[in-house]
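*Asks:* Protein chains in written order, with this note's numbering: chain E, 18 to 360; chain C, 423 to 755.
Worth flagging that the hints you see were computed from the coordinates, not collected in a lab. In this text, a Cβ means the ideal position worked out from N, Cα and C, and glycines have one as well. The reader is advised that the hints may include incorrect statements.
[Stated by the list, open to error] Here are the in silico distance ranges between beta carbons for each label pair:
| id | chain 1 | residue 1 | chain 2 | residue 2 | range |
| --- | --- | --- | --- | --- | --- |
| 1 | E | Glu113 | C | Ser566 | 57 to 63 Å |
| 2 | E | Ile48 | C | Glu508 | 50 to 56 Å |
| 3 | E | Arg233 | C | Glu724 | 46 to 52 Å |
| 4 | E | Tyr179 | C | Asp743 | 31 to 37 Å |
| 5 | C | Ala568 | E | Tyr179 | 51 to 57 Å |
| 6 | C | Tyr574 | E | Ile105 | 45 to 51 Å |
| 7 | E | Ile47 | C | Ser579 | 24 to 30 Å |
| 8 | E | His181 | C | Asp521 | 21 to 27 Å |
| 9 | E | Asn332 | C | Glu550 | 43 to 49 Å |
[Stated by the list, open to error] Covered, in the sense of this in silico footprint (three residues per stretch, anywhere, with C-beta under 8 Å from a C-beta of chain C), are these stretches of chain E:
| id | region |
| --- | --- |
| 10 | 164-175 |
| 11 | 340-353 |
[Said to hold, decoys possible] Okay, derived cross-link-like pairs now, SDA-like style, lysine to any residue, Cα gap no bigger than 25 Å in a straight line:
| id | chain 1 | residue 1 | chain 2 | residue 2 |
| --- | --- | --- | --- | --- |
| 12 | E | Lys316 | C | Phe578 |
| 13 | E | Lys299 | C | Ile627 |
| 14 | E | Lys316 | E | Ala97 |
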Amino acid sequence: MEAKRNGNDTDEVLLSVNNLKVHFPINRGIIFPRHVGDIKAVDGVSFDVKRGETLGLVGESGCGKSTTGRAIVRLEQPTAGTVEFQGIEMTTLEGESLRKTRRRIQMIFQDPYASLNPRLRVIDIVGDPLKVHNISSDKALTNQVRELLNIVGLNPNFITRYPHEFSGGQRQRIGIARALALRPDFIVFDEPVSALDVSIQAQIINLLENLQSEFRLTYLFIAHDLAVVRHISDRVAVMYLGKLAELTDRERLYKTPLHPYTQALLSAVPIPNPIAERERFKNRVILEGDVPSPDNPPKGCNFCTRCPAKTRVMNEKQIDCSQVEPEFRQAEPGHWVACHLYD
Amino acid sequence: MGPLLEVKNLETQFFTKEGIVRAVNSISYELNTGETLGIVGESGCGKSVGALSLLRLIPSPPGKIVGGEILFDGIDLLKVHESEIERIRGNRIAMIFQDPMTSLNPMMPIGRQISESLELHLKMNKKEARAKAIELLEMVRIPSAADRIDDYPIQFSGGMRQRVMIAMALSCNPQILIADEPTTALDVTIQAQITDLVNRLREEIGMAVIWITHDLGVVAGLTDRVIVMYAGRIVEEAPVEELYENPRHPYTIGLLGSVPRLDEERPEQLTSIEGMPPDMIDYPSGCPFYARCTFRIDRCLESPPDLRAVGPGHKAACIVDVSASTLPSSVIS
Numbered sequence: 018m019e020a021k022r023n024g025n026d027t028d029e030v031l032l033s034v035n036n037l038k039v040h041f042p043i044n045r046g047i048i049f050p051r052h053v054g055d056i057k058a059v060d061g062v063s064f065d066v067k068r069g070e071t072l073g074l075v076g077e078s079g080c081g082k083s084t085t086g087r088a089i090v091r092l093e094q095p096t097a098g099t100v101e102f103q104g105i106e107m108t109t110l111e112g113e114s115l116r117k118t119r120r121r122i123q124m125i126f127q128d129p130y131a132s133l134n135p136r137l138r139v140i141d142i143v144g145d146p147l148k149v150h151n152i153s154s155d156k157a158l159t160n161q162v163r164e165l166l167n168i169v170g171l172n173p174n175f176i177t178r179y180p181h182e183f184s185g186g187q188r189q190r191i192g193i194a195r196a197l198a199l200r201p202d203f204i205v206f207d208e209p210v211s212a213l214d215v216s217i218q219a220q221i222i223n224l225l226e227n228l229q230s231e232f233r234l235t236y237l238f239i240a241h242d243l244a245v246v247r248h249i250s251d252r253v254a255v256m257y258l259g260k261l262a263e264l265t266d267r268e269r270l271y272k273t274p275l276h277p278y279t280q281a282l283l284s285a286v287p288i289p290n291p292i293a294e295r296e297r298f299k300n301r302v303i304l305e306g307d308v309p310s311p312d313n314p315p316k317g318c319n320f321c322t323r324c325p326a327k328t329r330v331m332n333e334k335q336i337d338c339s340q341v342e343p344e345f346r347q348a349e350p351g352h353w354v355a356c357h358l359y360d
Numbered sequence: 423m424g425p426l427l428e429v430k431n432l433e434t435q436f437f438t439k440e441g442i443v444r445a446v447n448s449i450s451y452e453l454n455t456g457e458t459l460g461i462v463g464e465s466g467c468g469k470s471v472g473a474l475s476l477l478r479l480i481p482s483p484p485g486k487i488v489g490g491e492i493l494f495d496g497i498d499l500l501k502v503h504e505s506e507i508e509r510i511r512g513n514r515i516a517m518i519f520q521d522p523m524t525s526l527n528p529m530m531p532i533g534r535q536i537s538e539s540l541e542l543h544l545k546m547n548k549k550e551a552r553a554k555a556i557e558l559l560e561m562v563r564i565p566s567a568a569d570r571i572d573d574y575p576i577q578f579s580g581g582m583r584q585r586v587m588i589a590m591a592l593s594c595n596p597q598i599l600i601a602d603e604p605t606t607a608l609d610v611t612i613q614a615q616i617t618d619l620v621n622r623l624r625e626e627i628g629m630a631v632i633w634i635t636h637d638l639g640v641v642a643g644l645t646d647r648v649i650v651m652y653a654g655r656i657v658e659e660a661p662v663e664e665l666y667e668n669p670r671h672p673y674t675i676g677l678l679g680s681v682p683r684l685d686e687e688r689p690e691q692l693t694s695i696e697g698m699p700p701d702m703i704d705y706p707s708g709c710p711f712y713a714r715c716t717f718r719i720d721r722c723l724e725s726p727p728d729l730r731a732v733g734p735g736h737k738a739a740c741i742v743d744v745s746a747s748t749l750p751s752s753v754i755s
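Make the full structure from the sequences, and use the hints.
*Replies:* Written out as structure tokens, the structure is:
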């Protein structure tokens, strides 16, 4: 296996997510609301993030990838499961201890237009975390904010400007500066480049990689774009309908994907090469239908309604995928998959 | 036989409080019968406004087509009476949009929305139109179409709504289908379903397609010829293989380098294009790409470069003779 880019030589687990569940209750009735069901946005997800690595989390809309990220930083309260950050159990933290731990975990959001307060100047946006955590005096604050802007590639003289004076890419840089202000160890990125044009997207991706090696950061990178995730991640987890389908290092996931969903997903990505793309077009695995609703996921394997390998499992393993749920297990060392084909 | 559609020096502007937004700056291109033409570019490059101008769908005010000609079947679409364009729109030239939810009427069953244009353009009666609508829904592979024809848009998923849009667009057997980012809002597995569908239908019906997108991957698989737009201008035009193999405009070269791709070894760093597109109100007098270009010379500032032939069917708007192999090493690093 190739050498890790980010000096991840220790294999120290920084964050450990265990059987995480986030269910949103569905209530009916206005005066006497009754609990009639749950949207199982995240339904039993387990993975580790090692210090210094980038773990990519991919999946389609509604698969629960963002909710997973939000639950880790406690923007959503998990229904069940544990999130351990360097030995600290995050899900039950409250008050001052939650605040202290949160300094070390930051989150960056998709929409650079919605995640910055339009009435605040850049110095207030980027400097606020420093104030909240009583880190900086007023004088030092200005200098620190200028330095942060410099780090993310913005003109330090822009500190008195407002968000509307910046483009989408620049706003995302402001969001990154704000996240870096408290010198975190771990950053959760929720689709940080999806709203940006490709030329700007490449600028931000390069910036994120440089920051990671400079500050020894650990990333959880949530995105739907498989090519972007391949570029930035050391390991990649694929999520489908609230559960992990597959998790392994980048090379193996993209070269030898095991789960039929990962295979279909990779085959569906159009590539910028006309000759190769026409070939792919012919051999493309086209999944039938849509993703089922997470308030009523299918019995057995959650992918069984669209899976092209279902009959193969029946023939080879005599397992009915629509009845028996596959376990998320290691098919080979370091390669986890939830599919009966590898039982 | 001449081209099916000929766009000459099309210019569209928006007159806003802040000033004149030069969205489309004198673009010219041709579309041949049965061919698929890709128009690529980033947000605000004028690709959608250019396409909307073809059918005179620019909201006015503030927008206005200030110049040019659009020749379709010997007539100039910019000169004919509104009633004439209404006969062409949705009938001989149809369009599908990015967001299928906002392009469908939420209060009307989808069958009714399809049969409406059949009654209007093809003079069918209600019964015929309904039968044809079911047939069209089957053609775009809506399962149990006959049962779903009275459903409302909200009862369909995003991918299914886009199928309904395609069924509507194809209802009158158009000669040209303009597809404006039709798969951008969809997940990649659904996108694969839709591109596959459009490709098959195009072969069956033999229509020409203008596919507008920012996704260089989608364009690669679907189109015969590609136009690259930047800041309201066409900067490069080439047959699809040629464009990807031998891009000749610095912007195209940068764009192709910016995309992380699944089919090649992962590069250490992506070749980003520094800076941002120009302000479309305070439009630069020279080459609009000058500020971000790694090949620039002083002469680029004199006037916006015209498209010139750089190979068979290959045009680029750059006065410097560039190709990916002449890329300065500073850019690659």
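*Asks:* Each of the hints needs a verdict: does it hold here or not?
*Replies:* Comparing the hints with the structure gives:
1. Hint check: glutamate 113/E to serine 566/C, Cβ distance near 58 Å, so the stated range 57 to 63 Å holds.
2. At about 51 Å, the CB distance of isoleucine 48/E to glutamate 508/C agrees with the hint of 50 to 56 Å.
3. Between arginine 233/E and glutamate 724/C the Cβ separation comes to about 49 Å, which falls inside the hinted range of 46 to 52 Å.
4. The hinted range of 31 to 37 Å is not satisfied by tyrosine 179/E and aspartate 743/C, whose Cβ atoms lie roughly 44 Å apart.
5. At roughly 56 Å, the beta carbons of alanine 568/C and tyrosine 179/E sit within the given window of 51 to 57 Å.
6. Tyrosine 574/C and isoleucine 105/E have their C-beta atoms about 50 Å apart, which keeps the hinted 45 to 51 Å range intact.
7. Separation of isoleucine 47/E from serine 579/C is about 28 Å and conforms to the stated range, judged on CB atoms against 24 to 30 Å.
8. The supplied range of 21 to 27 Å is met by histidine 181/E and aspartate 521/C, whose beta-carbon atoms lie about 24 Å from each other.
9. For asparagine 332/E and glutamate 550/C, the hinted distance range of 43 to 49 Å is satisfied, since their beta carbons lie about 47 Å from each other.
10. Restraint check on the region 164-175 of chain E versus chain C: 0 residues with Cβ-Cβ distances below 8 Å, three needed, restraint violated.
11. Counting residues of the region 340-353 of chain E whose CB lies closer than 8 Å to any CB of chain C gives 0, which falls below the minimum of 3, so the coverage claim is violated.
12. Proposed proximity of lysine 316/E and phenylalanine 578/C is supported: the alpha carbons are some 23 Å apart, at most 25 Å.
13. For the proposed pair lysine 299/E and isoleucine 627/C, the alpha carbon gap of about 19 Å is at most 25 Å, so the pair holds.
14. At most 25 Å may separate the alpha-carbon atoms for a hinted pair to count; lysine 316/E and alanine 97/E meet this at roughly 20 Å.
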